[in-house]
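Below are the chains, spelled out letter by letter.
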Amino acid sequence: MALIVGGGAGPARAAVGAPGVAIPLHGLDHACLDARYPALAGPWVVGCGPEGRVDRALSLRTGVELRLPVPAEAPGLAEGLLLLVGPVAGVIRLDEAGATLLDLPQVRTPTLAPPATDGARGALLAEDRVSAWALEDRVRTTHPAHPVGWYPPALAGQVLAWVEDGGTDGEDVWMLPLDEQDPAPRPLSAGPGHQRHVVGSGDTLAWVEPGALVIQDTRTGEARRLPVDTGFSAPPTLWGQVACWEERPAPGPEGARDGVDIRCSDGLDAAGPGHQRWPSRFGPWLLYREGDQPWLRTAADPPDGAAAGALAP
Amino acid sequence: MTRATATSTLVGLGTLGAAGAFLVLDPAGPTAAAWQGAALGGGAALAGLLGAAGAGGALLQRLAPDLLEDERGLLHATVLGLLLWGLLGLLLAAPGLLSPAVARAIPAVLAAGWLARPALRLPRPPAVALLVGAVVLLPGLVDALAPPVDTDELYQHLALPSQILAEGRLVGGPLHPDGSRPQGLHLVYASLLALGGQGAPRLFHLLLAALCLEGTRLVARAWLGRGGEVAALLLAGSATYLQTAGLAANDLPAALAALAALDAGLRGRALPLALAGGMALGVKYTAGGAVAGALLAARLPWRARVLAGLGALLLVSPWWLRNAVEGLHPLFPFAGWPTAPLHPDAPGALGLRFQYLEKYGAGRDLAAMLALPWNAVMTAQLDGFRFLGRLSPAFLALLPAALLAALPWPAPPDPRGPLARRLLLAALAPALFWALGPHWLRYLLPGLPLLALALAAGLPAAPPAGPPRLARRLVLLCLLAGLPANLGPQLQRAADRLPAAMGHEDPARFQARLHPPAASVAWANRHLPPDAVVALLFDWSTALVDRPTLLGSVEDHVPARHWLLTRGPHALDDLRAAGATHLLVGSVRFLPSVYPFLSETERQATMQAPLDQLEALLLTQATLIHQQGGTRVYRLDPSPSP
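Protein chains in written order, with our numbering: chain A, 817 to 1129; chain B, 85 to 726.
If we strip away everything but chain B, and leave its shape as in the complex, we get (with noise of 0.2 Å):
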């Protein structure tokens, strides 16, 4: 051993041991339960990511070799891995037989597939994109240890993932709404949940958002050369990109599918494409105008495209399939909700709907659709229905100059055109799609890579000196006004929760804090019967409640409502024949400056009666046991004899 050897050694060691001796000996850093709890999930959390790559790249191995001949072959493995883990986990699903333990051992299952030796070239970045991605993610770090408080994730993508390893099986209908949904996500989640606690599947969603950033990097950088990686910085500089990174979320895996579909087409091979595609669907349906991008961009004749499209479309048919055999709409929650009364006596639910596209964003007539662009960069609300998020200005500035490099035009073209319209083309199905539907931002994350990708297509070439290189520094500039905005409130938020998540704040409390129907949760699970059953109405804490539960809505609480007016003064009633014993009701107010396009009658038909309903119902047939803010606890009486 040289001198140098053993000094580097010793610096090494030296430094390992005093970083590590730190956090562990600091009072104020980790409590030893925090410290087990990240590394349970964390460890679960790269079992997954393994397991997945494993299988994906396995099949990739024999179905497209050449996608895993440089670093976008993670990508790609991973996306086809989640894929197989979501049918796996469908088929074990379906008879009943997802068992906790069944669910444990499915990443190890995938992971069988490193013995097919995939050739799989990890990524190596920059230390540059390194820092940026440490510093940007870090947040989600924080969010990911801290315990759960996020709507979504305590109604539907923790909830649904705890609720089928309770039940072996897929939840659905009209008791459980959201379960109808396509559900491949969700089982790659149980299997986590299983594996490593609620920390393993927030864990794996920050490692898919990592590998989105970096995935990205890799796809300009091979597409558009080194200049092209600015489309990354796009992304690691939005707020919308960056707010669910550390929870269980959704909006991002469909983006790295989505990605992974591009990055497929653009290379001319169908399957991988109608796979990812597939993935992308089957994650969420807002994924849908990015993978029409990615079938629009796509280098390959019209007919493998349309049968790419119809093979991703194959690859989901099996979540309809089972809602049409349940009795439901195919497309179930989303449409089919059924409007006739089921009692003689019950209103019905005429005129319900299950989105109000117009809550959102900054309005829908032509002016306003015209201004989108400017609208949802320059005035976003993060927390308000105004697009309920924020990206960075550089998406906004780089859009001249991405139209431009599509053209044909000033002579001589750019050699680049073709290229950039593609791009152009596969971004401008997501924004279209997104236009469309409800204006908030998060649904435009399927499709945000793509439009980072082709927003950094109009970039000019990268040359050593000159006006170009300056256009590239001016970029940046543009990147770094928009962070405070999109940076600043991720560490706000990671600030307020660090105690948490090192395990100093109370978990009870850090709940009730942030979301305070948990602490009326913590109640309930403390003195409700084991073998009870809790409906949620206007309230959306299921992932928290340790009993079985029914219902549970968000926002306009469709589901809530729909049982009232369709069921009237039955409502009660067909809950405990359901099988609910108690009920978790949440206040709630459908204030008219919510809903300003409605008329005062369809105000009050559709939202005020199912509330006055539901508080008459209260005072008949439950008895009120806690109340805490504005959650209460009901158990239901007994059924009055006949």
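Isolated chain A, as found in the complex (with noise of 0.2 Å):
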């Protein structure tokens, strides 16, 4: 395994942002490749560079500025650290000293999505499979699967799941146990309709379903059903229970529409005059975008990731 070091931190700052307020984030405002990004990797952003590829961190809790040992056009997220598979793979782990690049074996199986990651183990999706294994380990245990492409795989406690197609019936959400000896691939969410937009955090997932976002924790089965209509555009965001979406107003009394907004589970929201999009939530920040420029609205009191799941939404 080699070590790359990524580009020197740059000058340290304060943190960024203040409870209650939303600032622009400049620095990050170029368009990525991938539509998903600039996201939080813990209280990283990431961002992309003129190429439109993730090659740039901002810490919020230091302001420290990070150039990425390599860039990547879309890199699996965990708190401080990207996942990258492919022809140049590797876990870049994200510090106030620097970026350090760990290699990982190539991927040569061309993946249909991001890969996941919790930041002790990856997970990527490819055709008819899915493949999951600890950052570790040089050997991916593979299971035979019908992934749809784009929608990025999600690990949450022991369970790996994904967006599978389910033919004329629409997509489905399926998982596999990775905690039993010999897992096989079941759903998770199925039937009529469209089942997707599957996301992990800690030990729970969250997935969009016709007319509501499901919230379900891992350990238990147990689930929430938040009725609201998203997965529209950008999938939601989980921090612990504490999930925050891309929300359609109403029409208007003449078929107007407002812009789209954000709300979060915990009532954190980005709200105002056009459109509040790209949610990517983690503690008490919430990046988001304006067309093309990432905003950051810090929550006025810190929140609390295990207890927000009890929050009405």
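No wet-lab data here; the hints were simulated from the structure. Mixed in with the good hints there might be a few duds.
As the list claims (entries may be wrong) - Ranges of calculated distance between the beta carbons of each label pair, as one might list FRET restraints:
1. B:G113 x A:A1039: 44 to 52 Å
2. B:D449 x A:E943: 54 to 62 Å
3. B:A116 x A:T958: 25 to 33 Å
Note that the structure is a prediction, hence the values are computed from the model and not measured. Think of the CB as a built atom: it goes at the ideal place given N, C-alpha and C, for glycine as much as any other residue.
Reassemble the complex: the two chains are provided individually, in unrelated frames, and hints are given to aid placement.
As structure tokens, this is what we get:
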């Protein structure tokens, strides 16, 4: 394994943002090739350079800016960590002192979507199979499946979940229990309509169903359905049991509609004139975009991700 | 059997066997699938040419048997056969009877013309002509065997034939605007597509490109003597001629027909001139200048020329009539886009232009027009709005001599002066026609053989020695000087596409590499419901989508912009009502630097506003289900309850 150290850290500044305030993040406003970025990797914002590839990171805690040792089009993100698969495969760890790349074995198989990582494991989707592995392992276990491309897989607790092509029935969400001896993929949310956009954080999974956002604790199987109309553009974002999502306002009195807004299950939101889109949530921070401009809203009160599940949407 | 015969037979069998075995067994050679595709496409292309030549030959045998008397017969027979093919296709497609099985049968029906035993003499080009032709058309062969990625093929020349086959009838109107152009050649391509897959129309076009080169050589030799054959070299040395040779396209077939029209006119045959002229116009309206040139140069009384011109127009008129019956302007989509808003809250398309002539070439003021020959040859870019092509510098080098040869001065006048004048007249018409239109060199292609012939007519006669002979050698030197810039890019492109043509590069990966939206289309083909109908907005991947499609557009994206401008907030509702279930949305930017001739207000109103309108509608009426690069796939949301 090779260790490559990325570009040196920029001058340290103060923490980014302030409680109860939304600020634009300049320097991260290059449009990314994959619209799901910029996004939060824990307390870091990772964003793109002029080429549209993810190549920089900004620490929200200290204001330190980093250049990544290698750019990536669509890395998997976890707290302070990026997972790259493909011809250049590796794990980039973000630290105020710099970014370091730890090489992983190449993934020669074309992947269908960005990989997922929870910081300890990785997961990827390929044609007719899914794969999950511990990051330090050099062998990846694969399981037969028919994932739909573009939707990344999700890791939560001991569960790998992904969006499966349900044929004429629309997409379904499937899962694989990673703690079983000989696990077999099975549907997590199937049936008529489109079940998709599955995301994971800690032990929690969330996905979009027709007319609802479902949040499930993978340890207990307990699930909550939030009756929201989302999933029309960006996936929801999950931090612990706190979910944030894009929401289309109801049609106005004469069919007029306001812009898209972002709501979170703990009450944080991003609303206002224009469209607020592509939410990404970690702790008190909600990253979103208006046009190509990333904005950061910081919660007025430090939230509790685990307890936030109990909050009303 | 003599010893010499036996040896020759042995050498013949040995060389063919070794070459064949090497190609088949070489691991870097074509894969089995590539062989199969080439054989199927090549077989269909040859069958098509055989059918067209048979039918055309049989008809010429009755109408103008003298046109079959020498090697030019194949040129005339093929052009006439293509006209018949297109008309037969129209007769079948109009009532919705052009199923793939019927389309496949058309070449066989046409081939029945051989039963009339037309006295067709096949061309027998000399070895050097064969060698030159093989070298310059080899990149075209690679193009023809590689998966399609060319813009015009994807949105038009392969897309429309596929749609015609799928529907069994012609498509057209605002949802398929390109289908409202004359479709004679696309009906030919539909047959070939049904017969031999996507390689067939492209290999057929390659055969037509070769025939046009050989036809130019034969016509030049017939009228200008052996020295005139340099006209074919002018074409062979020009990237604009070569770059579409192995693609399903329409400029070269139009050129072939215009060449046949010129030759028929020079031979004083009005009816074949009218038929070939009609064929050229029916393939592409930009052949209008070349057809006018052929009429002007014809050795016919004025009355006969006018009648021939009317006859040519008569052959195109079914397409105008079709548009009129469908409530469209006869020349739609080149004219007649309704600008009025279709809903009270839509802005309307006032100010929308089908084409911005100012975008192309090197300017349109008097100075730019006077410098056009120089600029078009010396400053053209192969991949830019500046003429989008390249010609051999010999086109420019021979211009003064061609003008001089046409003058009755200096005394004694050149005895070939009248012919040179006729040919110059034939060439000036398409050149002026082109100068008035978009300055893209490929729009000059229909008249390019005529231009090459006129320039070759300026060359001095070929005595065994002396200054004229030296002048001819210098022309060859000029042609050679132009080769790196003209043939080089073709070879470079062929090298890039060769692995895909041989089956060693995955077709999907190849297409996504050279046409990035293909990755999203591949996803859509795999995951969309079988009954999905995909509307393409600001994208031109029509031929790659294996579901029924609506709209699709290139460059200025007139169809998509028109749809959005005239329908405003109801644009997606109306697409849903038209049957669309999904959208493929491309990423475009109408930059001020590309449209400097538009005021900011005009650009905002006619170009940026529809883009903004679409983005707003997508957020409220559609669901993003895939995105790769700049291409997005949406599922249209169910219509809200009234």
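Requested in this report: Tell me, in ascending order, the numbers of any earlier hints that this structure violates.
Outcome: Of the numbered hints, just 1 does not hold.
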